[in-house]
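**Student:** What follows is each chain in one-letter form.
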Amino acid sequence: MFTGQWSPPGVCCDTYMSSGLCFFIRLNTHERMGTMGKVVVKPEVCIGCHLCEVWCAVAHSKSKNIIKAFLYEDTKPLPRITVEENLPLTFAWQCRHCQEPNCVTACISGALTKNPVSGHVEHDSLKCVGCYSCVLICPYGCILIDEQKREIIKCDLCAGLETKYCVSHCPNEALIYVEN
Amino acid sequence: MKKFDYLIIGNSAGAVGCIEGLRSISKQSSIGLIAEEEHHVYSRALIPYYLSGAIGRDKMYYRPADFYQNAGVTLLGGQKATALDLERKEVELAGGAKIGYGKLLLATGGKPIYPPMDGLDKKNVFSFHSFDDLLGIEKRLPESKNAVILGGGVIGLMAAEVLKKRGLAVQVLELADRVLAPVVDETTSGIIESTLREAGVKLFTNNTIGQIHSGDLVESITLKDGTVIPCDLLIVGIGVRPGTELAEGTAIKIDRGILVNRQMQTSVPDVYSCGDCASIYNFITGQTQPLPLWPNAYLGGRIAAFNMAGIKRQLVAGTSMNAMHFLNVNLINAGINVTDQDSSQWHIISKVEPGHQVYRKFILDEHGVISGFVLVGQIKRAGILLNLMRKKVDVRSFQEQLLDENFGYVNMPDELRWQLLKDEVILGVM
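Top to bottom, those sequences are chains A and B.
Position 171 (the first sequence) corresponds to 171 in our numbering; numbering is contiguous.
Position 170 (the second sequence) corresponds to 170 in our numbering; numbering is contiguous.
In short, the hints are calculated from the structure, not lab data.
Hints are not guaranteed to be accurate.
[Said to hold, decoys possible] Cβ pair distances, simulated, as ranges:
id, chain 1, residue 1, chain 2, residue 2, range
1, A, G48, B, K351, 19 to 29 angstroms
2, A, K62, B, G226, 52 to 62 angstroms
3, A, N180, B, P142, 32 to 42 angstroms
4, A, S118, B, K165, 52 to 62 angstroms
Values in this document were obtained by computation on a predicted structure and should not be read as measured data.
Built from N, CA and C at the ideal position, the CB exists for glycine as well.
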């Protein structure tokens with residue numbers, strides 16, 4: 001029998017399960033909860049400079065140093081964010097950390113999970129086999145492919161870093177982080 | 001007699017989808033799970049990756065070892081359900097024990113199809129379906145030189161690639177005139193065939209097994225056209241049929257698979273079904289049919305969970321869809337497959353780059369809604385296309401842009417784009 005701590009509906013303290021797509025949802029409103037947040041886009045102030053892509057790649061490099069990352073690291077640093085561009089329209093775009101993510105339902109290896117505490121959609125590259133089912137199913141086109149490693153990469157909201165690099169380096173505040 | 005609020009028969013994607021769905025709603029209800037196989041929940045879709053050496057055995061497991069314990073699920077492992085008593089709401093196990101249920105989920109999966117043929121019972125004949133297949137193939141690999149794969153579909157070709165990588169001579173037998181015939185069109189089949197041939201895989205189309213020559217083991221095969229080929233490892237990859245045995249002879253309606261409505265309910269109250277054993281709603285064709293694919297199984301289990309718990313949800317996103325890769329060629333298809341012969345009734349737009357193994361094809365219905373698509377070579381951001389399909393968007397005003405491999409939300413009309421992304425962007429900030 002389940003003996004973990006039970007939480008009343010609507011309160012996100014569902015920490016007992018750390019895999020798959022199991023988190024307490026607010027049944028009436030389907031709102032996001034707790035500390036879940038996401039990077040929201042303001043297309044009208046995006047100037048298409050692609051600095052978010054550059055700094056995202058740096059954030060996910062070994063050195064976290066822009067010069068070292070692009071010139072000296074063995075594997076080319078890749079961004080997890082894409083600037084969609086059809087001039088004059090541009091906007092930057094990354095994982096929406098959906099409440100009920102399609103990618104998690106499609107993942108055959110259990111590499112993609114919804115963290116029940118943070119709400120982040122997390123990717124375990126050690127488990128990923130590069131089947132690309134998530135690429136097929138993500139409605140936002142936010143699961144990107146690392147061709148060299150034959151696996152996927154996606155926004156992790158700069159886990160473990162002090163700032164969200166795309167947000168903090170956007171010169172025109174076209175990307176903002178919103179806590180729900 | 002034990003009794004559970006929710007009882008699940010089966011132990012794969014559908015079962016896990018149901019458990020995670022139920023535990024999203026209710027922590028207190030009791031959940032029991034009857035699993036025929038002794039192994040912890042694993043992903044059969046990973047069998048090719050394991051056998052190719054890409055992952056170790058620990059990565060075969062779909063969820064952590066403590067999954068059931070943490071989810072408060074009572075696991076009845078290594079137990080076979082043999083009969084249903086739908087009146088008394090009981091499941092009988094081999095050995096006679098009975099388990100009661102409030103709501104029942106049949107997630108019994110599929111069984112690989114073995115054609116009626118002498119010799120398929122030998123110890124060097126496997127499918128690519130179960131953990132026992134995996135262990136059996138692994139054991140035989142060191143002494144195998146010539147693999148024969150019966151079936152040139154998705155599983156057959158994945159098996160061909162894996163065994164080629166492991167250094168075996170590989171021969172694929174396909175009854176149709178091309179590989180992947182039910183899934184993709186002629187152009188796509190051609191690209192995949194040339195890719196496999198270049199890698200040294202031998203393809204026999206319009207052909208199949210005539211006779212198997214065996215002692216204790218399969219030794220060679222005479223094909224339908226008379227060719228004799230050596231064989232010390234035979235893989236049967238024709239497909240799976242729904243595992244409906246438990247429902248047969250009961251009031252549960254079966255139409256190829258266990259028939260369910262969009263709430264994943266069978267024709268009998270309090271009994272649900274999902275995954276490879278079920279016939280589910282295909283939102284593209286409007287038909288109810290087996291769609292034995294991983295995402296459909298998980299999502300079906302999740303939708304079933306909500307309905308079992310009294311929250312109405314519908315499965316409206318299921319259809320035929322595959323992400324595949326053969327050697328270095330990525331391939332994605334979704335929705336209906338239209339071949340050159342039956343293309344006249346559809347509006348088709350496509351682009352092929354000869355020699356570059358890049359191909360994009362879209363099938364539009366009379367309302368300009370995408371009913372199916374194939375991407376070969378470049379598959380990035382394919383989900384945007386699936387989303388257009390699911391939302392039944394008329395794409396005619398930007399259909400040429402679909403052929404651009406960099407297609408994205410910027411290529412759609414403003415109103416449509418911001419409608420699809422309305423929760424994710426802030427407009428009107430100037």
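**Student:** So which of those numbered hints doesn't the model satisfy?
**Tutor:** Result: hints 3 and 4 break, sorted rising.
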